[in-house]
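S.K.: Each chain, written out:
Number of protein chains: 2
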Amino acid sequence: MTEAITDLDKLCIHTITTKPWNIETAISKYSKAGVRGITVWRQWLENRDINTVHRQIVEAGLQTVSICRGGFFPNIDKKARQQAIEDNIRSLEEAAALNAPHVVLVCGADPKQSLETSRQQILDGIFAVLDTARDLGVKLAIEPLHPMYADTRSAVNTMKQANDLCDKIDDPFVGVAVDVYHVWWDPDLKKQVRRCGTKKRIFAFHICDWLSPTKDLLNDRGLMGDGCIPIPHIRGLVESSGFKGFNEVEIFSNHWWQQDQDVFLNSIIETYKRFA
Amino acid sequence: MTEAITDLDKLCIHTITTKPWNIETAISKYSKAGVRGITVWRQWLENRDINTVHRQIVEAGLQTVSICRGGFFPNIDKKARQQAIEDNIRSLEEAAALNAPHVVLVCGADPKQSLETSRQQILDGIFAVLDTARDLGVKLAIEPLHPMYADTRSAVNTMKQANDLCDKIDDPFVGVAVDVYHVWWDPDLKKQVRRCGTKKRIFAFHICDWLSPTKDLLNDRGLMGDGCIPIPHIRGLVESSGFKGFNEVEIFSNHWWQQDQDVFLNSIIETYKRFA
Numbered sequence: 001m002t003e004a005i006t007d008l009d010k011l012c013i014h015t016i017t018t019k020p021w022n023i024e025t026a027i028s029k030y031s032k033a034g035v036r037g038i039t040v041w042r043q044w045l046e047n048r049d050i051n052t053v054h055r056q057i058v059e060a061g062l063q064t065v066s067i068c069r070g071g072f073f074p075n076i077d078k079k080a081r082q083q084a085i086e087d088n089i090r091s092l093e094e095a096a097a098l099n100a101p102h103v104v105l106v107c108g109a110d111p112k113q114s115l116e117t118s119r120q121q122i123l124d125g126i127f128a129v130l131d132t133a134r135d136l137g138v139k140l141a142i143e144p145l146h147p148m149y150a151d152t153r154s155a156v157n158t159m160k161q162a163n164d165l166c167d168k169i170d171d172p173f174v175g176v177a178v179d180v181y182h183v184w185w186d187p188d189l190k191k192q193v194r195r196c197g198t199k200k201r202i203f204a205f206h207i208c209d210w211l212s213p214t215k216d217l218l219n220d221r222g223l224m225g226d227g228c229i230p231i232p233h234i235r236g237l238v239e240s241s242g243f244k245g246f247n248e249v250e251i252f253s254n255h256w257w258q259q260d261q262d263v264f265l266n267s268i269i270e271t272y273k274r275f276a
Numbered sequence: 277m278t279e280a281i282t283d284l285d286k287l288c289i290h291t292i293t294t295k296p297w298n299i300e301t302a303i304s305k306y307s308k309a310g311v312r313g314i315t316v317w318r319q320w321l322e323n324r325d326i327n328t329v330h331r332q333i334v335e336a337g338l339q340t341v342s343i344c345r346g347g348f349f350p351n352i353d354k355k356a357r358q359q360a361i362e363d364n365i366r367s368l369e370e371a372a373a374l375n376a377p378h379v380v381l382v383c384g385a386d387p388k389q390s391l392e393t394s395r396q397q398i399l400d401g402i403f404a405v406l407d408t409a410r411d412l413g414v415k416l417a418i419e420p421l422h423p424m425y426a427d428t429r430s431a432v433n434t435m436k437q438a439n440d441l442c443d444k445i446d447d448p449f450v451g452v453a454v455d456v457y458h459v460w461w462d463p464d465l466k467k468q469v470r471r472c473g474t475k476k477r478i479f480a481f482h483i484c485d486w487l488s489p490t491k492d493l494l495n496d497r498g499l500m501g502d503g504c505i506p507i508p509h510i511r512g513l514v515e516s517s518g519f520k521g522f523n524e525v526e527i528f529s530n531h532w533w534q535q536d537q538d539v540f541l542n543s544i545i546e547t548y549k550r551f552a
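Residue numbers (my numbering), protein chains in the order written: chain A, 1 to 276; chain B, 277 to 552.
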């Protein structure tokens with residue numbers, strides 16, 4: 001039985017969840033609400049001095065849990081692949097500047113080539129940035145994405161694939177980000193989370209819910225409890241495997257982004273305690 | 277290397293593909309275009325005498341390839357589950373009346389209960405109709421559905437699950453319908469198609485394409501060649517496994533349903549020859 005959530009000590013929110021807020025507002029609002037972790041999406045760092053942002057995060061009593069996102073390695077064009085590698089190196093530097101333990105990798109895919117080719121390019125891309133990751137002390141968290149994103153966002157679509165990829169790379173700096181939205185349907189989930197745990201490679205845990213009906217492939221994720229994902233069950237699997245990190249609320253939602261974000265933040269906290 | 281398609285001998289179209297056409301128009305148009313097979317969606321039989329429809333199909337030189345669709349067994353409500361079983365029996369009777377070799381099962385799921393419970397109810401449902409299937413000489417084709425439909429349409433989302441389910445039932449009247457749209461992303465596809473072939477349980481093969489971007493979870497499928505699915509490759513796997521049946525074009529598309537259906541039918545035939 002998964003232990004109930006009684007406080008906000010492990011609550012982290014992704015800046016994209018409250019998309020209308022800039023980084024300063026997000027830091028201030030999360031902190032005042034008692035949230036303890038923040039995952040910074042890189043767009044929120046544009047036109048900002050990163051050291052100032054880091055100081056603001058620390059002074060607000062928050063911790064940078066992850067940087068989102070690196071990845072997008074595959075491309076039919078070789079020059080674009082090289083640019084992706086350079087961009088991933090920048091993401092690692094940003095993570096280091098914010099004292100974030102890892103960068104989340106949305107690995108990428110290119111519909112103009114086979115999934116097998118994209119998967120090879122993902123492997124090559126990770127190897128190409130691994131030295132930098134080690135030098136900076138920042139890990140890489142492969143996030144398997146729901147198969148509905150296999151065309152353009154990720155050719156890594158199951159926990160098994162993420163585990164297999166980690167086995168191939170075999171480096172303590174490469175692990176997995178488990179997002180309930182992407183993996184809840186998988187009949188192999190329990191086994192693969194355990195396998196992940198044995199290798200101590202679960203670096204992050206993301207939550208939200210799957211709405212019925214889902215109106216948009218990308219931006220119609222639900223608040224915890226509004227959908228059909230057994231979040232406490234999956235959290236239990238992840239915790240049983242040894243994971244002790246944050247529960248990160250990552251909700252892309254055209255609906256919620258149009259609402260008052262203070263109301264939304266309150267709802268996140270309420271539903272986090274009741275349904276996560 | 278998959279053998280190229282040079283004629284329409286194995287081309288079948290689902291009546292839902294040309295949704296604006298009623299059954300009489302579909303039969304007549306398909307036949308005149310040289311199509312040889314028709315998969316009849318049950319809505320097309322409403323307010324029709326089924327024996328008359330059968331005669332029309334035969335006189336047009338067509339063959340009924342499948343009936344779509346049975347399934348939808350899971351429901352948190354017991355009475356609804358019983359009604360689903362009765363409805364599946366009617367679908368088998370309709371298949372027998374149209375001389376269709378099998379009914380395609382969209383197995384179903386209920387977001388108000390766990391996937392495991394839904395999967396058990398699917399197994400129970402299939403067992404409940406299996407005697408009728410045998411008596412009528414009509415087979416049941418389990419169609420694994422894309423994981424984006426795991427909430428309400430099917431708790432069977434991979435070829436492996438479909439194979440495992442068939443193994444549990446272990447009856448020559450239960451097999452699999454392979455639809456490229458649902459399975460193209462699966463890293464385990466080749467292995468599971470082979471496993472299916474070894475047991476001679478591939479009953480049907482459906483084609484269309486995955487568009488980038490896909491604008492609607494249900495009704496934005498593409499014409500062959502307009503997306504990223506390696507259709508000839510998957511057809512090759514299926515044929516290598518011993519399948520000799522029809523290639524069924526099943527396209528749900530808000531876009532195409534708004535176009536002139538004669539133009540659409542021409543496009544289906546052209547893209548079938550070039551990209552399937």
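None of these hints come from the bench; they were simulated from the model.
Even for Gly, the Cβ is constructed at its ideal location relative to N, Cα and C.
Take the hints with a grain of salt, since some may be wrong.
Stretch by stretch, here's where chain B covers chain A in the computed footprint (C-beta under 8 angstroms, at least three residues) [claimed, not checked]:
1) 79-86
2) 105-115
3) 139-149
4) 206-213
5) 226-238
S.K.: Could you run down the list of hints and mark each one as holding or not?
M.R.: A quick look at each hint next to the structure:
1. 79-86: Our answer is that it is violated, as 0 residues pass the Cβ test (under 8 angstroms) against chain B, missing three.
2. 105-115: holds (count 4)
3. 139-149: holds (count 3)
4. 206-213: That given contact holds, which follows from 3 residues of the region 206-213 of chain A lying within Cβ reach (below 8 angstroms) of chain B.
5. 226-238: Coverage by chain B holds for the region 226-238 of chain A (3 residues, Cβ < 8 angstroms).
Hint check: a violation occurs at hint 1 only; the rest are consistent with the structure.
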